[in-house]
Amino acid sequence: MMPDTIHASADLSCDPLWRQAEACLRTLYGGDPRFQHCLSELKARVADARGARPAALRQLDIARADTPNWFLKPGRSAYCTYIDRFAGTLEGTAQHLDYLEGLKVGIFHPLPLLKPREGNSDGGFAVADYREVDPRLGSMEELRALAAELRVRDMSLVLDMVCNHTAREHPWAQKMMAGDPAFADFYIVLDSADEVAEWETALQDVFPDTAPGSFTYDAEAGGYVWTTFYPFQWDLNYANPRVFIEMADSLFFLANAGVEGFRLDSTAYLWKRKGTISRNLPETHLILQALRALLTLVAPSTFLLAEAIESQASVLPFFGTPSARECDLAYNNGVMTALWGALADQKADLLKTTIERAGEKPGHGHWLNYVRCHDDIIWLALSDTAAPERLKHWSDFFAGNGSYAKGEAFQAPEGFPASSCGMAASLCGGKDDPQMAARLKLLYGLTYALEGVPLLYMGDEIGLQNFDAYRDDPDLKDEVRWLHRPVMDWARAERRHAPGSVEHDMYSFHRQLADTLSGLAFTPGQTVRTDVDERVLIIERPLAAGRFVCVANFSAEAVTQNVTGRMLIGPDGDTLPAYGLRWFIEEA
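For the sequence shown, the positions run 85 to 672 when this note's numbering is used.
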């Protein structure tokens, strides 16, 4: 990153970042007769975006020039929520930033808030305009104001960029249907059912129960539109270079509005090729390399977060290489899934394996470590690691079949175990289970201990339970994932000030995790091992002086585990209780 030259007037053609992006795009589109014109247009848009970068954000770029991994601040978590579920509006959210500061949040990630289609919008993931905010939440000016207020508090705004598809109502789709030649192939539209059948042979349904198949017939579109997710979400055609230009320009616009990071939704799906599953294809990585290089030209202090819920082997390439970077962060989905599996099995063998594999990432890439999110727990993501019967056991366990968990099953592709839904506290047993808090602390204590950025999902910091009321809402009742998308209970949140309450216990615990980590000077590296018949997982990370150790007992029974250092969190003595967690420092 070279912030001193970001806004220089020199021809972009001389910039190595531009040349890197151009090389990727030439590989993708060099044979397209539109390419040279599109390249000139893209260059003009990059130059315009650089010139439009607000002074305050230019200063931020300069300040972060020597710390490109500025988001790796020990103890500074990412907080994820829906604006309407958290505080109703953007203005309302600004009134609760003290609450987030109390948790030492460093990244604020509201789930999709750009203007969605009316009616069912897949929780906002069917975007009708990338340059407008959902009017029910506020305005673009209010978004800019929130971003500015967050920066004052040393917090950064991260937004979802739904880059695989738009809503059918998006202007690009409307122009295509109206016959505008500039938008003639912005989406993938097939002419016949026979052609659809040829493609479908290799594809895998994402929502086989509620939205089977990957195509939807639309008379106005003139054929069968590619719809990976829901019929109202139309997949963009990245084989058209103009699609790339418009998506990149949308990123520039939002970065200049104060967005400091982008969660790239459904990154694995961007490029399609007949005869393949059309996920994780090499062209997708060229798209991301070009986006990363161009975004660095415009807004070098912003980061990209890959939302690729795939096997670990498929996720690692989304970091790119040191010379051809893609995403700066990626969801550590494999470890998250194995974390829940270890809780169900009371055995951490596969969790150890997935953490070790996660360590194979390149040095410039980092994990976003999490316990829960707005989506389901997808067991098939570990199908290359765990035996089918083990995956099936986990699926049944967290659906509440003969277990303490209070979750529900969700759909999955044919031949794979059903995914799982539910808030973390409910999956850990719920409010009436005396071990719920211990299990929840175990999961978060280990997650915060890992290298990377820990993510805190709204409500887990006060033990918020399942949102069962979704069944009473006609707009939500058919989507079981709303079970873990509750409305923030601010009355319960106030109980964080009441010693003896679950809310006080959990909020104070998360604050303790953050405070403890913020006082440690980590150096790169991480090792993992198991102990006591694989019931105990041990994470060790080097410090500038000494070694940080996290010990997690996944067993429902107490175990004996020696402590040889200065205690940070957890019980003294050699006995670690059921679901016990311990952090300590081994001095050098």
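For the record, the hints were derived by calculation from the structure and aren't laboratory data.
Small disclaimer: the values here were computed from a predicted structure and weren't measured.
Treat the hints with care, since some could be wrong.
Straight-line C-alpha distance at most 25 Å; calculated DMTMM-like pairs for lysine to aspartate or glutamate [stated by the list, open to error]:
hint : residue 1 : residue 2
1    : Lys476    : Asp562
2    : Lys431    : Asp95
3    : Lys515    : Glu440
4    : Lys259    : Glu330
Original post:
Is the straight-line distance between the alpha-carbon of Lys259 and that of Glu330 25 Å or less?
Top reply: holds, 14 Å
Original post:
If you draw a straight line from the CA of Lys431 to the CA of Asp95, is it 25 Å or shorter?
Top reply: Judged against 25 Å, a Cα distance of about 58 Å means the pair is violated.
Subject >> Pair hint outcome, Lys515 versus Glu440 [Cα-Cα no greater than 25 Å] >> reply: violated, 34 Å
Original post:
Holds or violated: Lys476 with Asp562, Cα cutoff 25 Å?
Top reply: holds, 24 Å
Comparing the model with each numbered hint stated earlier shows that hints 2 and 3 do not hold.
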